[in-house]
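> All chains, full assembly: derive it from the sequences and hints.
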Amino acid sequence: MYMDAKLLIKYEWEDSQKGFDMSALGESFIGFHNIIEELFDLSRIEGKLEIRTIKVKEGSVELINVLHVVLTTMPFPSIQSLYDFLEVSDPNLLAHAQSYFVAAGNIAKTVDDYLNAHPFQSSVLSNLLAAYIIFLIGKHQGRKEADPNKNRNLPLRYGNRLDQLKGRNAYQKALKPLTDGGFSKIKVAQLGVAKPKKVVISEDKIDDYLSESLHILPDFVNGEEVELIASVVGLQSTRGETVKLKVYDIDPTNDLLMAHPPEGQGTEQYKELYGETVRVVAEVFRRSKSKRPELIIRSMESHQSKLIFTSGAL
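Counting in my numbering, the sequence shown runs from 1 upward without gaps.
These are calculated hints, taken from the structure and not from any lab test. Watch out, some of these pointers could steer you wrong.
Unchecked claim - For lysine to any residue, the following SDA-like pairs were computed, each having C-alpha atoms within a straight-line distance of at most 25 Å:
#	residue 1	residue 2
1	K6	R44
2	K289	D249
3	K10	N116
4	K139	Q80
5	K176	Q80
6	K176	D204
7	K198	E87
8	K205	D249
9	K205	H260
10	K244	L256
11	K166	D249
12	K6	I107
Encoded structure:
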């Protein structure tokens with residue numbers, strides 16, 4: 001049996017970004033391959049899995065990949081594995097399959113017998129394969145660790161496996177374009193059907209897929225004002241007006257933060273502070289705790305001159 005589930009994986013970034021991190025994109029492909037294998041294992045789907053990129057759209061601000069998830073051998077080695085898959089992907093078809101196998105004369109039938117008796121089911125299962133992947137990827141969104149009713153509409157083993165995927169950060173590679181690569185959204189959508197299923201993972205949804213162990217500078221809360229001592233180590237205007245700051249007294253692995261001038265202003269006013277130690281009052285801007293926070297500058301002045309002035313006043 002040959003099953004071909006057609007998926008569209010679309011990466012989007014802000015217009016202000018010029019280009020993207022290619023290594024993050026490559027890791028994402030590997031990450032999605034691993035996730036799909038995990039989801040197949042959950043429903044005991046077997047067979048030779050191949051994920052093929054057959055089209056790349058170039059010369060656009062959007063990179064598009066059409067992926068064919070191909071199973072070249074029978075994916076359901078037992079009736080139970082077929083049931084496990086249909087339990088989540090199509091309960092109506094599950095009931096149809098169960099009624100077939102319990103019917104008089106069909107007790108000893110196999111999955112091949114069922115599909116041969118209903119030839120149209122093979123194409124239906126191919127479409128369900130893509131919908132199944134998208135459905136379970138989307139089930140991560142909006143889940144809260146303390147919610148006792150999480151995933152009530154899923155069989156227990158499915159909910160437990162989703163917990164495990166998040167707990168060991170199985171999505172870390174797949175979502176690297178969002179955390180590290182400058183992308184703002186990843187969309188996974190079904191192709192070739194009239195009403196395609198889709199799931200969109202945006203920056204504000206990253207935390208639904210990654211555990212707290214990957215949170216970066218969690219004390220920097222979106223919208224709150226902070227006062228920091230930092231060094232100005234970079235000024236940039238080619239990809240938006242930004243000031244790169246090396247902030248003192250925070251986690252040294254994440255002490256380089258991007259700061260944006262107030263709206264309508266540029267980096268020109270900070271040229272004299274380049275290489276200087278400064279005192280910064282800024283508003284924290286972040287959509288995810290799994291991404292490094294950014295800052296919106298409210299005020300920035302030389303910390304050294306401030307100290308000299310204070311010393312003179314004494």
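> Could you run down the list of hints and mark each one as holding or not?
Status of each hint after checking the structure:
no.: 1; hint: K6 with R44; verdict: 20 Å, holds
no.: 2; hint: K289 with D249; verdict: 19 Å, holds
no.: 3; hint: K10 with N116; verdict: 36 Å, violated
no.: 4; hint: K139 with Q80; verdict: 23 Å, holds
no.: 5; hint: K176 with Q80; verdict: 35 Å, violated
no.: 6; hint: K176 with D204; verdict: 14 Å, holds
no.: 7; hint: K198 with E87; verdict: 19 Å, holds
no.: 8; hint: K205 with D249; verdict: 29 Å, violated
no.: 9; hint: K205 with H260; verdict: 23 Å, holds
no.: 10; hint: K244 with L256; verdict: 7 Å, holds
no.: 11; hint: K166 with D249; verdict: 30 Å, violated
no.: 12; hint: K6 with I107; verdict: 34 Å, violated
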